[in-house]
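S.K.: Sequence:
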Amino acid sequence: MVPKQSKLTSKSVFESFLYFIILTFLTYCQLACKYSIMFISYPLNRFYEVLRINYLIYIQSLFINFTSWLPDATSKRIYLTRDIIAGITIAMIIIPQSMAYATLANLEPVYGLYASFVPVAIAAFFGSSRYLATGPVAMVSLLTAVAITSLSLGDESLYVPLAIMLALSVGVFQITLSLVKAGKLIDIVLKEHVILGFTSAAALIIASSQLSKVFGLNKVSFDDLFSISAFLENTPINSYAVLMSLAALFILYIFKNKLTKYQFFANIAVLSAVIVTIILSESLNYDGPIVGVIPDGLPNFSLPAISINSELLFMFIIHTIIISFVGFMEAIAIARQLEQKEPVKNSKGVELYKYPTPVNSNQELFGQGLGNIASSISGAYPVSGSFSRSAVNESVGSYSPISSITTMLIVMVTLLYATPLLFALPESTLGIIVIFAVVPLIRINKMSSLLKNDNQKGIVTWATFFSTLIFPILSIEIFSGINTHIWTGIIFGFLLSLLIERKPSTV
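According to UniProt numbering, the sequence shown is numbered sequentially starting from 1.
It should be emphasised that the hints constitute simulated quantities derived from the structure, not laboratory data.
Don't take every hint at face value.
Straight-line distance between alpha carbons at most 30 Å, and here's what the computed DSBU-like set of lysine-lysine pairs gives [said to hold, decoys possible]: (1) 184 - 446; (2) 446 - 258; (3) 256 - 446; (4) 452 - 184; (5) 446 - 261.
Estimated spans, in silico, between C-beta atoms of each pair [unchecked claim]: (6) 208 - 300: 47 to 55 Å; (7) 321 - 254: 40 to 48 Å; (8) 308 - 287: 35 to 43 Å; (9) 56 - 318: 15 to 23 Å.
Ideal placement from N, C-alpha and C gives every residue a C-beta, glycine not left out.
The task is simple: from the sequences and hints, build the whole structure.
M.R.: In structure tokens form, the structure reads like this:
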């Protein structure tokens with residue numbers, strides 16, 4: 001039987017043609033999508049690769065920044081000589097000063113020496129400033145005291161481990177900020193006029209907190225600094241302590257304010273006050289509070305082991321952020337102030353060297369972060385850049401962070417062999433050292449001038465100043481009953497600054 005043949009019609013031809021067109025279109029779409037994705041993905045992948053490579057280069061630059069100064073600093077005698085002289089000079093200042101700042105942080109004096117050891121060199125080595133001298137400073141010491149006092153809930157045995165953990169968290173936070181290039185952002189967030197009001201008020205609080213040492217009284221609590229009745233309860237005044245305070249104050253004043261023609265005397269003023277009062281203490285059988293036994297030897301290098309109560313974790317993070325920001329702002333402000341743009345010349349006008357690299361906020365943030373981690377591993381507390389020591393470092397003629405490495409070596413020798421010599425050092429001397437260091441930070445004249453020249457910034461500055469002073473007195477408690485203390489002032493100033501700057505100024 002012959003099979004029936006299909007009849008070719010115009011309809012079947014049209015359907016076949018339509019099917020072919022659809023199939024061709026789909027095939028074309030498939031190929032178009034394939035090559036379009038390839039076309040789009042290539043530049044995206046390339047862009048991502050470029051970003052990745054650039055970021056890796058940035059990370060690498062953070063670790064090898066020292067190559068910009070190390071070859072010249074180690075190969076040229078004039079640079080090395082100046083760095084060594086500067087390092088010795090800074091050591092004469094930082095050894096007694098760091099012990100005083102440690103007591104301000106509610107810690108034993110030896111922890112100030114620990115904070116003046118490895119962190120000094122690490123922060124300088126990886127930072128961007130040639131002159132910035134890192135170590136214990138008054139403002140960060142005060143904030144550390146506030147933090148460990150509130151977080152310990154009255155248990156003084158937790159002061160040291162909390163301070164060590166705080167240094168670690170501050171260091172990690174600062175390094176994290178540097179990795180995301182947040183250095184310039186911090187400059188924008190923390191206004192200079194807010195910092196001015198905060199530092200002036202905090203300096204007043206610091207100076208007031210040392211009155212108990214100066215007069216040989218029992219320690220006045222932080223919250224009662226401005227309470228006259230609380231101060232008068234700590235009587236009688238120790239005449240020996242007052243004598244030592246006057247002796248130290250006299251030496252500091254004469255050496256720093258009257259012998260201004262000789263920079264050498266200003267550089268050894270703090271050390272001279274310490275030596276003279278130690279001699280007086282031993283010769284007069286001093287009957288007042290003394291530093292006492294300072295453990296000799298190097299610190300135990302290890303990471304802190306402490307658990308933070310979950311209820312206090314939030315407050316711990318807040319303290320970490322505040323100390324990180326304030327510490328960095330202090331450091332970067334000093335670094336920029338001392339930044340040299342002109343060639344450095346000697347007294348005869350001969351050019352010695354040029355300052356080749358400008359201060360980089362992200363690099364400095366990275367260096368400060370590593371310095372704080374080193375401080376934690378050294379068993380110490382948070383550190384930052386020092387106004388007084390950095391200025392001395394620049395005035396002596398330091399060229400590179402080799403000066404900070406020299407300071408570290410001298411502090412190491414002190415820890416190993418010289419701590420017994422500090423046994424009879426009166427605590428009143430440490431109190432005077434702190435007061436003398438922070439009084440220049442109380443810049444009432446500058447605040448008044450700012451109020452006249454720029455009304456908005458002046459209002460923010462004075463509001464920050466008074467809020468920093470008032471909040472500790474009111475003892476306002478939030479966040480599970482933990483006292484806000486002085487950092488409330490800087491937060492208030494920042495918020496007020498944002499509020500005022502949102503309003504357009506009218507002419």
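S.K.: Run every hint past the structure and note whether it holds.
M.R.: Hint by hint, here is what the structure shows:
1. For the given pair, residue 184 sits about 25 Å from residue 446 by alpha-carbon distance, which is consistent with the 30 Å threshold.
2. Annotation: proposed proximity of residue 446 to residue 258 holds, straight-line Cα distance about 24 Å (limit 30 Å).
3. A hinted pair counts as satisfied when its Cα atoms are at most 30 Å apart, and residue 256 with residue 446 qualifies at roughly 22 Å.
4. Restraint check: the Cα-Cα separation between residue 452 and residue 184 comes to about 28 Å, which is no more than 30 Å; the hinted pair holds.
5. With a CA separation close to 26 Å, the supplied pair residue 446 and residue 261 stays within the 30 Å bound.
6. Checked against the given bound of 47 to 55 Å, the beta carbons of residue 208 and residue 300, roughly 35 Å apart, lie outside it.
7. With their beta carbons about 42 Å apart, residue 321 and residue 254 fall inside the hinted range of 40 to 48 Å.
8. At about 42 Å, the beta-carbon gap between residue 308 and residue 287 stays in the expected band of 35 to 43 Å.
9. Separated by about 33 Å at the C-beta atoms, residue 56 and residue 318 break the suggested range of 15 to 23 Å.
Of the numbered hints stated above, those contradicted by the structure are hints 6 and 9, listed in ascending order.
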